[in-house]
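These protein sequences, in sequence, are chains G and U. Residue numbering for the first sequence follows my numbering, starting at -16 and increasing by one per position. Residue numbering for the second sequence follows my numbering, starting at 3 and increasing by one per position.
No lab work stands behind these hints, which were simulated from the structure alone. Hints may be right or wrong, so weigh each one.
Result set (DSS-like, lysine-lysine): computed pairs, CA atoms no more than 25 Å apart in a straight line [unchecked claim]:
hint, chain 1, residue 1, chain 2, residue 2
1, G, Lys193, U, Lys132
2, G, Lys193, U, Lys18
3, G, Lys193, G, Lys100
4, G, Lys90, G, Lys195
5, U, Lys126, G, Lys193
6, G, Lys193, U, Lys127
7, G, Lys195, U, Lys127
8, G, Lys100, G, Lys90
9, G, Lys195, U, Lys18
10, U, Lys18, U, Lys132
11, U, Lys126, U, Lys18
12, G, Lys90, G, Lys220
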Amino acid sequence: MDPLIMIGAITAGGLLIGGGVHFIPVGGAPAAIATATGVGTGTAMLAAGGGMTGLITAAAMTGSPLWLILAAGAVGSALMLAVTMLVGNWVYVWGVGCVPASAKVDKDPITGYPQDKYVTPGTEGHGIPTVCFVSGVIGGLLGGIGGGLAYWAVYESLVTLPAYAPLIGGQTSIVAAMLAGIFALGLFFINAVIASYNIGGTIEGFHDPKFKRLPRGALGCIIASVVTGLIGVLLLKGGVF
Amino acid sequence: MSAAGGGGGVSAVDPKKTLALGVIGGILGIYATPINPILGPLLAALGAVCGIIWGADAIARVASYGLGTGVPSIGYMSLAIAIVGVLAGLAGGLMIGSAYVLIAPLLGIVLAVILGGVVALVGKKIIGMKIPILVSCTMELAGASAVSVLGFSAAIAGSFAMPAILTSVVSTGFIGLLFILSTMAIQHPFNACLGPQENRVRTLKLAASTGFISMAIVGLLAMGFSKAWWVIAIIGAIAWFISIRAFIEASKEEAASIAWSGMWPKEEEH
């Protein structure tokens, strides 16, 4: 594969990952004590869960057409985040004993249910209401597509080199798959943390006022991903073999 | 989210000392790998521990300003940067012949530092983060992470050449484990010790213990690849015991001083 296409794919992947993180309801420490809406952990942990699952499902499709790899990555990431949010909600509802409600909007934009009546005074909401859940699934889909795209680009570039060629024709080259996987995971974390700096740690989803900061985060992710892609070209053009 | 907030206090440990420990100790350790099949990997693993102590000090300096995303996030990010940089550096540019293998680790560390600088500049100029030492500390962190990943990889593979690392670290999947292992070792000390009474000497004692227990685990990972695996594992375990004991004693001493003086200070001291 042409290195320029690889840099382009890595940049697009990084942009999708960084954009996707803006959709995920990251609640952070306040959510962990049920005083803010979202999943009660930081972006890095959600990126680790969603990103790694997406990369594993994408890598399982290695050798398939591109759309299948992207779809597998998207479904893997979205499923992981959906399960995290669902089980988190069980804990909030039956463990903590609070109603999933958001203080950022008066009515849930999707179900239309009133929110403000159910928000405990002194908190910024609690649990994961429908709109946050849907937003999180969208974020997982975008992140999974981005991770899958970067994985596909690096893998397809690597297997053309003799050192990484599959031992038996038509099979997967494990070294190339691992190298592409860890590279895509690195890209995932870099962009997830840049996006997380942009949202200042916590966000509820696309209905949150902080979501308006998306363009700035996207620009940051594009620049960081282009540089990551440029460095990644050394993997191909180094000529160690 | 970060409880540290205040930032910019005078550290009990001179940052230049940890920087020197990480750069000199780490790079010497990595370059000592080929000298002897037993001693070399051991020195590489010790170099990685130097890198972890350096990284733990750098993360403590930058995260004491309150990143807003928690301490672990910058740890994960710097390890991600380090792995991208190290792998590209090891594979990269065989333009100057066989001498290249010798400069490859250095190139990997430099690439990681450059990428760290770019990401920190993005954070500062585009995202608008207001941490004065963000750029320098992220570059230091990326370098420290690169030293620790390279050192542990060289300890497992018994060499810092790309083909050896590809067979024994990358294709076995240990690279993913090293990613998380080094992240935890670098970010945990400050994440556990942060607060108004944070004492950098105590934090670094914990950093030494997380580094050495990582080294013991790396020794076990090297079982199938290196003759030195048991040396690395045993020395790592003994050093871990000594450092965690020093850390627990330091914690008890400082906890007792708080208990006897009665109350927590009303304001953060730094």
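The hints, checked one at a time:
1. G/Lys193 with U/Lys132: Judged against 25 Å, a Cα distance of about 18 Å means the pair holds.
2. G/Lys193 with U/Lys18: Between G/Lys193 and U/Lys18 the Cα gap is close to 38 Å, so the pair fails against 25 Å, i.e. violated.
3. G/Lys193 with G/Lys100: holds, 23 Å
4. G/Lys90 with G/Lys195: holds, 19 Å
5. U/Lys126 with G/Lys193: holds, 18 Å
6. G/Lys193 with U/Lys127: holds, 18 Å
7. G/Lys195 with U/Lys127: holds, 18 Å
8. G/Lys100 with G/Lys90: Between G/Lys100 and G/Lys90 the Cα gap is close to 10 Å, so the pair holds against 25 Å.
9. G/Lys195 with U/Lys18: violated, 41 Å
10. U/Lys18 with U/Lys132: holds, 23 Å
11. U/Lys126 with U/Lys18: holds, 23 Å
12. G/Lys90 with G/Lys220: With a Cα-Cα distance of about 54 Å, the restraint between G/Lys90 and G/Lys220 is violated, given a limit of 25 Å.
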